[in-house]
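Respectively, the protein sequence lines represent chains Y and B. Sequential numbering of the first sequence, starting at 1321, is according to our numbering. Sequential numbering of the second sequence, starting at 1321, is according to our numbering.
What the hints contain is simulated information worked out from the structure, not anything from laboratory work. No experiment lies behind these values; they were computed from the predicted model shown. There's no promise every hint is true.
Identical copies look the same in the list; a pair holds intra-copy or inter-copy alike.
[Said to hold, decoys possible] List time: in silico DMTMM-like cross-link candidates among lysine to aspartate or glutamate, alpha-carbon distance up to 20 Å:
1. K1322 <-> E1435
2. K1322 <-> E1503
3. K1322 <-> D1600
4. K1339 <-> E1613
5. K1322 <-> E1499
6. K1339 <-> D1622
7. K1345 <-> D1622
8. K1339 <-> E1435
9. K1402 <-> D1422
10. K1322 <-> E1342
11. K1322 <-> D1635
12. K1402 <-> E1360
13. K1345 <-> E1607
14. K1345 <-> D1635
15. K1339 <-> D1623
16. K1322 <-> E1613
2 protein chains.
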Amino acid sequence: MKVNGRPYQTVWLDGSTVKLIEQRKLPHVFEVASYATHHETARAIQEMVVRGAGAIGAAAGYAMAQAALHAPEARFHDALDKAAGVIRATRPTAHDLFYAVDRVCRAASCANSVESARMAAVRAATALAQDNARACQAMGRAGLPLMTPGLRMLTHCNAGWLAFVDWGSALAPVYAAQEAGIEVFVYATETRPRSQGAKLTEWELAQADVPHQLIADTAAGSLFQRGEIGLVIVGADRIAANGDTANKIGTYTLAVLARRHNVPFYVAASRSTFDLATPDGSAIPIEQRSEDEVLYVWGRADDGSLQRVRIAGPDARALNPAFDVTPAELIRGFITDQGILPATPDAVAAYMREPEASPAA
Amino acid sequence: MKVNGRPYQTVWLDGSTVKLIEQRKLPHVFEVASYATHHETARAIQEMVVRGAGAIGAAAGYAMAQAALHAPEARFHDALDKAAGVIRATRPTAHDLFYAVDRVCRAASCANSVESARMAAVRAATALAQDNARACQAMGRAGLPLMTPGLRMLTHCNAGWLAFVDWGSALAPVYAAQEAGIEVFVYATETRPRSQGAKLTEWELAQADVPHQLIADTAAGSLFQRGEIGLVIVGADRIAANGDTANKIGTYTLAVLARRHNVPFYVAASRSTFDLATPDGSAIPIEQRSEDEVLYVWGRADDGSLQRVRIAGPDARALNPAFDVTPAELIRGFITDQGILPATPDAVAAYMREPEASPAA
């Protein structure tokens, strides 16, 4: 996708340096951050310089590639295992992270010399990122039939290209519609506590000239009531074998509202987000994040500086689960690189048995 | 209720000066603002120095009393009519506002001299405020049977004493429980865009030593799912004859979640919030407020100053309905000064036929 007219991906490898669009400063400052080691990249994932299922996966893959490039020849595989542990510990809910670490580890462990293992790790990480971009583009094609002219749809958090390497998941059909000349309107929820809808989705849609409007999370119900929403598409952080889906906190509420108002609710996700080893939603670990995310808000002050302001009183305590689980029964379907699937265990299992859409490293 | 151990009401009349707790600076600064004329008081209502059904009503009543005190003898009733128009134009949704203006107007128009009309207006406004405080205390007693030991309840926005003259509506049963030695735990939603839950409810509950925790609006669904919420009580800005209830944006969503999880959902309100002239929710005007409430957040910066920060990008547009309507069928009952009523047209009509609980001026 383009930023100020120039093409960008969210994350890439430049030599042994990982480069990321610094998402915590958007929409106020557009900046590319550089990380020289897998430790630095892991910290950037943990601190949410990069976030979103696919972008976390790609960054984690590149971090493993960094580890492979820097690991001492004598203790190469030990060092790689240790790096995998560091990277896996950054974010517990996102399945893409674990998928990426495993895929790069596997590629490196199959090589018959340290030098070829380093190269295999870089190739695997790069292929993973490009597969992710291609899969998102395929999701866009798969979701295109849902994009009827004049549609007003709702999305939550950011599952656009900033959450992936390119194209995005939930917003991929919107971009596909735009290429096809079909105009749809997107309502973006703010998505407190980190306000990714206000900060990222709004910015991303503005960059792409997609008509859109921001709402407070509290206003979604009122839009459903007034018949203003014809479709909901959200992303996912992990999809269990039975179709239960963990995604950004607040997703479940939107699914409940959509059901009450008979509005179709879709989840867009790439293969790496499906986790057959997790039988259902109750087995998905839910990351609890800092209370400060609820108690403070970051933004641009009137003097132009980026600042946080504390909303609540000095002794206030908050509860901050980062994700919730939407049961499969509330999901009309999964928009995937292989088409739209029903949210059933059989459909998920069949999809995961198919060969990957694009050549894997 | 007490602030730093000293008893306060939210709004009062001191001579011909209206005094209000400045609610836009809470929880960071506790300050009492003074308004010399009804024009100033009307502006304070419009700019939400004071907010909440009962507190708006009391402030509007006192503003009318100010108008009566200052109106020239020659054009007394014209001046009073004009003042009523100014005050009515401040907030379109809150029924308490219209009720208060009418009640003070009526009291003034029955007097047989201008001097006695001025006194009648002051007496009516004062009686209205004190009736409001007494009605809230009665709501607390009415809701007490719902306050089982160990209960974890959810409330939205601020319908505590800051929203009234004293005691509050939705939180009145909590304070009654506290006096009765029953400990309940309150989850307060932030309530974007103005974050009254984070700013006011949290502060109010902290002042009263009620155990509580703040959540982002997006986290409510997840708490319902985990069985963490046993009861919901919210306030109301206007209740139609059929029981449909306008309240702060986001209330409808909580009612839908409560229904899905079989959690009882109650609305606490005083008589002045019921509006028999409005047949159902579709006839309640919904105030649309400035986009800036969504695009910016106010709070305390790290240097201690009160500042706003812009969350969204420079060209972002937002939609900001201030209220939504919860259909009567989702409401288990109304907690009133006369006990708990079912949310049916008959029960509402019967309640409104009864004489007022406390002597009116």
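Going through the hints against the structure:
{"no.": "1", "hint": "K1322 <-> E1435", "verdict": "neither (36 Å within a copy, 72 Å between copies)"}
{"no.": "2", "hint": "K1322 <-> E1503", "verdict": "within (19 Å within a copy, 56 Å between copies)"}
{"no.": "3", "hint": "K1322 <-> D1600", "verdict": "neither (38 Å within a copy, 49 Å between copies)"}
{"no.": "4", "hint": "K1339 <-> E1613", "verdict": "neither (25 Å within a copy, 35 Å between copies)"}
{"no.": "5", "hint": "K1322 <-> E1499", "verdict": "within (14 Å within a copy, 61 Å between copies)"}
{"no.": "6", "hint": "K1339 <-> D1622", "verdict": "neither (30 Å within a copy, 30 Å between copies)"}
{"no.": "7", "hint": "K1345 <-> D1622", "verdict": "both (16 Å within a copy, 18 Å between copies)"}
{"no.": "8", "hint": "K1339 <-> E1435", "verdict": "neither (23 Å within a copy, 77 Å between copies)"}
{"no.": "9", "hint": "K1402 <-> D1422", "verdict": "within (13 Å within a copy, 74 Å between copies)"}
{"no.": "10", "hint": "K1322 <-> E1342", "verdict": "within (15 Å within a copy, 46 Å between copies)"}
{"no.": "11", "hint": "K1322 <-> D1635", "verdict": "between (43 Å within a copy, 17 Å between copies)"}
{"no.": "12", "hint": "K1402 <-> E1360", "verdict": "within (15 Å within a copy, 67 Å between copies)"}
{"no.": "13", "hint": "K1345 <-> E1607", "verdict": "neither (23 Å within a copy, 33 Å between copies)"}
{"no.": "14", "hint": "K1345 <-> D1635", "verdict": "between (28 Å within a copy, 16 Å between copies)"}
{"no.": "15", "hint": "K1339 <-> D1623", "verdict": "neither (29 Å within a copy, 33 Å between copies)"}
{"no.": "16", "hint": "K1322 <-> E1613", "verdict": "neither (29 Å within a copy, 30 Å between copies)"}
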